[in-house]
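Novice: For reference, the chains in residue letters:
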Amino acid sequence: MAPRPLLAALSLLLACSEPEPAPLPPPPPSEPLPLVVYPALFIREDEPLRLLQDSDPVQLWNATQGGHVALIGAQIEGVDGDTIELRARISDPETGALLAEESRTVLVKPVPGDSTRKQTDIRTRSQVTHIPLCPNYEPTPVVDRTYRLEVRVDELYVSPPRRGSATLLVRPACDELTEEPARCRCECEADYTLGKCQ
Amino acid sequence: MLLLRVLGVVGWVGLLGALGCAEEEAPPGGEGGKGPVGPVMLEPPASPEVGWQFDVPPFEVKLGEEIQDCYFFEVPYDVPTYVHKITLAQNEGSHHLNVFRVKTQKDLRGKHGDRVLGGECWKSINWADWPLVANMQSAGVNPWQLPEGVAHRFEPRELLMVQTHFVNATSQVTPLGGKATINFERIADDQVKHELGTAFATNQSIEICPGQKDKRFETSCKIARDTPITIVAANGHFHSRGRRFTMAVWDPFQGASESMFYESKAWNEPPFLRDLSVVVPPGGGVSYACEYTVPPSSCGDPEKECCFTFGPKVEQNEHCNAFLYYYPRRPDTDVNCF
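Going down the list, the sequences are from chains A and B.
Using the numbering used here, the final residue of the first sequence is 198, and nothing's skipped along the way.
Using the numbering used here, the final residue of the second sequence is 1338, and nothing's skipped along the way.
Think of the hints as simulated: they come from the structure by calculation, not from any bench.
Fair warning: there could be bad hints in the mix.
Here are the computed lysine-lysine pairs in the BS3-like style, where the Cα-Cα straight-line distance is at most 27 angstroms [what the hints assert, rightly or not]:
id : chain 1 : residue 1 : chain 2 : residue 2
1  : A       : K109      : B       : K1213
2  : B       : K1304     : A       : K109
3  : B       : K1313     : B       : K1265
4  : A       : K196      : B       : K1106
5  : B       : K1103     : A       : K196
6  : A       : K196      : B       : K1123
Here chain A is said to cover these stretches of chain B; the calculated rule only asks that three of the stretch's residues, wherever they fall, bring their Cβ under 8 angstroms from a Cβ of chain A [to be verified]:
id : stretch
7  : 1117-1128
8  : 1158-1172
9  : 1191-1205
10 : 1213-1220
11 : 1332-1338
All residues carry an ideal CB built from backbone N, CA and C; glycine is no exception.
The following block holds chain A by itself, in its conformation from the complex (with noise of 0.2 angstroms):
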């Protein structure tokens, strides 16, 4: 049996010894802050483009091997390097049905007089999706009828990427950026076939 002295001592030094909370686990990593996305129309090359609105019109492109496109880009704020994945959708807002998507890698430049926002290059239209919604196979009509557009945006290359969207309604138009209006919007009726709109 241990002398009482020393029972004392060792009773005081687990005491003293009581563990003591576990240190807390480092804190995850902070998910970076999502981009924030500014949808807009490509117009033509070197003009600015233009920010899109909900219910704004979305003027339909013809294509160089025939079809219309919508040609969307975006101003976005929080950017850092030089290239995105941009891509874009095309729903319609009663069925969530999406109509076309199209995406590809495309370079952002800053926007002339913001610091805090970048763009999609408007030099050239290849750097903006090309959402390809007539020739409209479909049993309802693109044009003049509210559509869900959602655009999404992907760092490349950075790290660690950061990524973010924005949704909105629209309405595609055959008015301003194609040649052949009466032909944009025969293409964009319901029900198309091969040979119609000749």
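Given chain A, work out where chain B should sit, using these hints.
Specialist: Okay, now just chain B, sitting in the frame of chain A:
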């Protein structure tokens, strides 16, 4: 050379086996799509009851030349005709061999027996509403047997356009000149369960510039309407800056599937997958993507900072085109997506 020939025949038989036709013999003049050792030779079907042949006679492709020609042929029957096997044969150096049904004739015009050499045959807007019939990018003899009960339907005397594209330059060479032959083999009307439908999709306004790496373009093409379809064959097409071509089912609510049914990393001999059975839901289609890399020293269009933009010339332009074959054909239309 003998070893190559043996391997070629083995590959041919293997291919036929995969098609369920292993009892057939290797055709003459080709090596099963792996490049011929001589000009392609393809015997025509034995009789009009069996089928017919379109033949593009040999022509010279000089060093440094890139030739694209359009030939017009009429389906040689006075009644609707169903085809269940198409064999496309072409010499080495072919960039593509495409067949379309002629619809609206604008600047590219022709009737049976006519040919348009270059000129308007380069301008794809001219056949924007012409449905796809068949295509092939591989040299040699390439048979394509459709699934049982599936057939192409042709109307009496329907006009078709056969487009050949040969390159004899730095990216491709044509050592034996241009030549292409196509056989169409018939099936009895009462054996047809489904008509074949087609979709031709092309992503335009692509641009890839010197020094850019893994630049990616992805887009959708909606094909199915009220009922599901089954894709039976697929082929992707881009030029020499292309590094990867993929296709996936595109669901009308979920978007592109994560699993691809087509992948090609070979720009000059991309696989023509002809044993597919890929179901696409109603309202769905395909998502197709092209990835490109351009060496810093390359130059496409000097007026566009040497970038490569959409166009037909192999040496100066790029493409991102998908060819799809499915059944049942939509009752209202074939599909072209732009």
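Novice: Between A/K196 and B/K1123, does the CA-CA distance stay at or below 27 angstroms?
Specialist: Roughly 20 angstroms separates the two Cα atoms, so the pair holds.
Novice: Between A/K196 and B/K1106, does the CA-CA distance stay at or below 27 angstroms?
Specialist: holds, 14 angstroms
Novice: Within 27 angstroms, alpha carbon to alpha carbon, are A/K109 and B/K1213?
Specialist: holds, 19 angstroms
Novice: Using a Cβ cutoff of 8 angstroms, are there at least 3 residues of the stretch 1158-1172 of chain B near chain A, or does the coverage claim fail?
Specialist: That given contact is violated, which follows from only 0 residues of the stretch 1158-1172 of chain B lying within Cβ reach (below 8 angstroms) of chain A.
Novice: Under a C-beta cut-off of less than 8 angstroms, do 3 or more residues of the stretch 1213-1220 of chain B approach chain A closely enough to confirm the stated coverage?
Specialist: The restraint on the stretch 1213-1220 of chain B holds, since 7 of its residues have a Cβ under 8 angstroms from chain A and three suffice.
Novice: Examine the stretch 1332-1338 of chain B for residues whose CB is less than 8 angstroms from any CB of chain A, and state whether their number is three or more.
Specialist: As far as the stretch 1332-1338 of chain B goes, the hint holds, because 7 residues have Cβ atoms under 8 angstroms from chain A.
Novice: Holds or violated: B/K1313 and B/K1265, Cα atoms, limit 27 angstroms.
Specialist: Between B/K1313 and B/K1265 the Cα gap is close to 20 angstroms, so the pair holds against 27 angstroms.
Novice: Do three or more residues from the stretch 1191-1205 of chain B put their C-beta atoms closer than 8 angstroms to C-beta atoms of chain A?
Specialist: holds (count 4)
Novice: Between B/K1304 and A/K109, does the CA-CA distance stay at or below 27 angstroms?
Specialist: holds, 18 angstroms
Novice: At a Cβ distance under 8 angstroms, does chain A reach at least three residues of the stretch 1117-1128 of chain B?
Specialist: holds (count 3)
Novice: Has the given pair, B/K1103 with A/K196, been kept, meaning a C-alpha gap of at most 27 angstroms?
Specialist: This hinted pair holds, its Cα atoms lying about 10 angstroms apart.
Violated hint: 8 only; the structure is consistent with all others.
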